[in-house]
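Participant: Residue numbers (the working numbering): -9 to 226.
Heads up, some of the hints might be wrong.
As a list, the in silico DSSO-like pairs of lysine-lysine whose alpha-carbon atoms are at most 30 Å apart [as the list claims (entries may be wrong)]: (1) Lys92 <-> Lys108; (2) Lys108 <-> Lys215; (3) Lys179 <-> Lys196; (4) Lys108 <-> Lys173; (5) Lys173 <-> Lys196; (6) Lys196 <-> Lys208; (7) Lys173 <-> Lys215; (8) Lys179 <-> Lys208; (9) Lys208 <-> Lys173.
Calculated from the structure, these hints are not laboratory results.
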Amino acid sequence: MILGAHYIWLLVIVIYLFGTCAFFLHPMWSGTPSPEAENNDATTYESLNDQQRMERLVEHVQRADQFADLTGEYLPVCMWPNVECDGNQNVVEINWNAVWSKVYLQDSLMDLWWLPSKLQIFDIGYSQVVGVFFAARLPRTLREFIINACMFQGTIDWPSLPENLEILDVSNTQMRGGIQFDKLPPSLKQLRIQNTDFDDFSGSSKSTLTVVGISELKRRVSARKRVDADDSFVLE
């Protein structure tokens, strides 16, 4: 019986790890989604209302009861903590920043594909959420997108960001790759990139844009190039 119990626990662990890995291998995580996956997701997305999209957004949150009534049913989305709706019951703000919000998201999984289409402000700063996002799929109405100190990684397709975006904060994440300053949204006023892995910078930024963390990243890249050059010299 003891041996059988060990096998059962091993099976449970394998199933859990497989499910976790499947999340990270989502097409959005690995880069550009396949056309088939994109079409299927788009069809599903368009068929849902904001209530259903938000329920999908938080379905992997560890404490989904934060958004439910005493019977376990989801509350109307406009009654969710730190969620604001307009007069037509469209979700326009999600303020779940861990510093001032009572919403608990630590170490939860979140697929930002399900963000409501009229959303203007999205802030989950310091929540340590593990998630994925694809620039072209962010709501076109988005003005503030804040995921600092969350466990996001990957590259950003800068030309595909929402045109009305004013604040983009990806600081203290594992975002990497290059930044095309001449491809940023024309309305962008603040870009926060400190403590990230960006290592290539092209184009010139507008005088109206504040970039926080760029000097630190450029120093790090320069230091790395000097070390690489020294290593090459020694090898020769």
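Participant: Compare the structure with each hint and give your call.
Facilitator: To see whether the hints hold, each was checked on the structure:
Restraint check for Lys92 and Lys108: satisfied, since their Cα atoms lie roughly 24 Å apart, inside the 30 Å limit. Restraint check for Lys108 and Lys215: not satisfied, since their Cα atoms lie roughly 44 Å apart, outside the 30 Å limit. A C-alpha spacing of about 9 Å is found between Lys179 and Lys196, which places the hinted pair at or below 30 Å, so the restraint holds. Restraint check for Lys108 and Lys173: satisfied, since their Cα atoms lie roughly 23 Å apart, inside the 30 Å limit.
Restraint check for Lys173 and Lys196: satisfied, since their Cα atoms lie roughly 11 Å apart, inside the 30 Å limit. Simply put, Lys196 and Lys208 have alpha-carbon atoms about 18 Å apart, close enough for the 30 Å limit, and the pair holds. A C-alpha spacing of about 26 Å is found between Lys173 and Lys215, which places the hinted pair at or below 30 Å, so the restraint holds. For the given pair, Lys179 sits about 20 Å from Lys208 by alpha-carbon distance, which is consistent with the 30 Å threshold.
For the suggested pair Lys208 and Lys173, the alpha carbons sit about 19 Å apart, so the restraint of at most 30 Å is met.
Going through the hint list in order, the structure does not satisfy hint 2, though it satisfies all others.
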